[in-house]
Amino acid sequence: GAVVSQHPSWVICKSGTSVKIECRSLDFQATTMFWYRQFPKQSLMLMATSNEGSKATYEQGVEKDKFLINHASLTLSTLTVTSAHPEDSSFYICSARDEGRWDTQYFGPGTRLTVL
Amino acid sequence: KQEVTQIPAALSVPEGENLVLNCSFTDSAIYNLQWFRQDPGKGLTSLLLIQSSQREQTSGRLNASLDKSSGRSTLYIAASQPGDSATYLCAVFSSGSARQLTFGSGTQLTVLP
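Read top to bottom, the protein sequences are chains A and B. Under the working numbering, the residue at position 6 of the first sequence is numbered 6, and the numbers go up by one with no gaps. Under the working numbering, the residue at position 1 of the second sequence is numbered 1, and the numbers go up by one with no gaps.
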């Protein structure tokens with residue numbers, strides 16, 4: 001199946017710093033990618049839809065100035081958590097939609113963010 | 001707004017048992033439904049995808065069914081093994097302008113050796 005990678009797989013940072021997470025579709029082009037957040041023992045919550053060449057669409061309650069999304073190419077979307085705080089600590093998962101395979105979404109392995 | 005519910009939230013069975021995980025959704029206007037597996041601290045592994053026009057999909061010991069009109073799907077696992085222990089997530093891809101996956105809260109499965 002199609003492969004989506006995320007980098008880094010885990011990151012620990014100090015409060016107030018910014019962290020960038022990359023999501024890449026390795027063997028297909030993705031006009032649309034998605035960013036999810038998952039707290040312990042909870043399900044995935046959609047944060048935003050990343051659209052290549054245009055602004056991301058954020059879900060209600062997600063601060064767009066805090067979670068900056070850039071989808072500059074058909075294989076790369078980035079999520080930057082700005083001025084991170086301990087409450088931003090979570091598991092962030094991206095997915096990429098493959099329009100050539102019935103819009104199937106392929107998920108990355110996730111990034112564990114810990115803010116001290 | 002689409003809502004997805006999974007029952008039970010947790011399930012513990014002895015090895016070798018056949019089991020059924022349930023998923024229900026409120027809006028039947030779906031494009032497809034997927035079942036995923038998630039191991040602790042890991043990402044998602046896609047198990048089965050059922051298109052809205054299909055009624056079931058099979059992969060090895062797994063069988064997923066879809067009844068779109070009633071808003072239900074089941075994941076059947078035959079001859080369960082300890083390696084099947086994980087959280088199983090159901091996700092619905094809504095059609096129309098939303099075109100996004102909505103996840104259920106998952107069923108945490110433990111298969112005891």
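Derived from the structure by calculation, the hints contain no laboratory data. We put the beta carbon where it would ideally sit given N, CA and C, even for glycine. Check each hint, because a few of them may be wrong.
Here are the computed distance ranges between Cβ atoms for each label pair [claimed, not checked]: (1) PRO8/B - CYS13/A: 26 to 32 Å; (2) CYS13/A - SER69/B: 27 to 33 Å; (3) GLY60/B - GLY100/A: 23 to 29 Å; (4) ALA78/B - HIS85/A: 30 to 36 Å; (5) ASP67/B - ASP103/A: 32 to 38 Å; (6) SER73/A - SER52/B: 27 to 33 Å; (7) VAL20/B - LYS55/A: 24 to 30 Å.
Outcome of range test on Cβ distance (GLY60/B, GLY100/A; 23 to 29 Å)
About 25 Å separates the Cβ atoms of GLY60/B and GLY100/A, which means 23 to 29 Å holds.
So the hint says 27 to 33 Å: do the beta-carbon atoms of SER73/A and SER52/B match that?
About 31 Å separates the Cβ atoms of SER73/A and SER52/B, which means 27 to 33 Å holds.
Quick one: are VAL20/B and LYS55/A within 24 to 30 Å, going by C-beta?
violated (43 Å)
Taking the CB of CYS13/A and the CB of SER69/B, does the distance hold inside 27 to 33 Å?
Because 49 Å falls outside the window, the suggested range is violated.
With respect to the beta-carbon atoms only, verify the hint that ALA78/B and HIS85/A lie 30 to 36 Å apart.
violated (46 Å)
Would you say the C-beta atoms of ASP67/B and ASP103/A sit inside 32 to 38 Å of each other?
At roughly 21 Å between Cβ atoms, ASP103/A and ASP67/B fall outside 32 to 38 Å, so the hint is violated.
I want to verify a distance hint. Is the separation of the beta carbons of PRO8/B and CYS13/A within 26 to 32 Å?
Distance hint for PRO8/B, CYS13/A is violated at roughly 37 Å.
Hint compliance for this structure: hints 1, 2, 4, 5, 7 are broken, all remaining hints hold.
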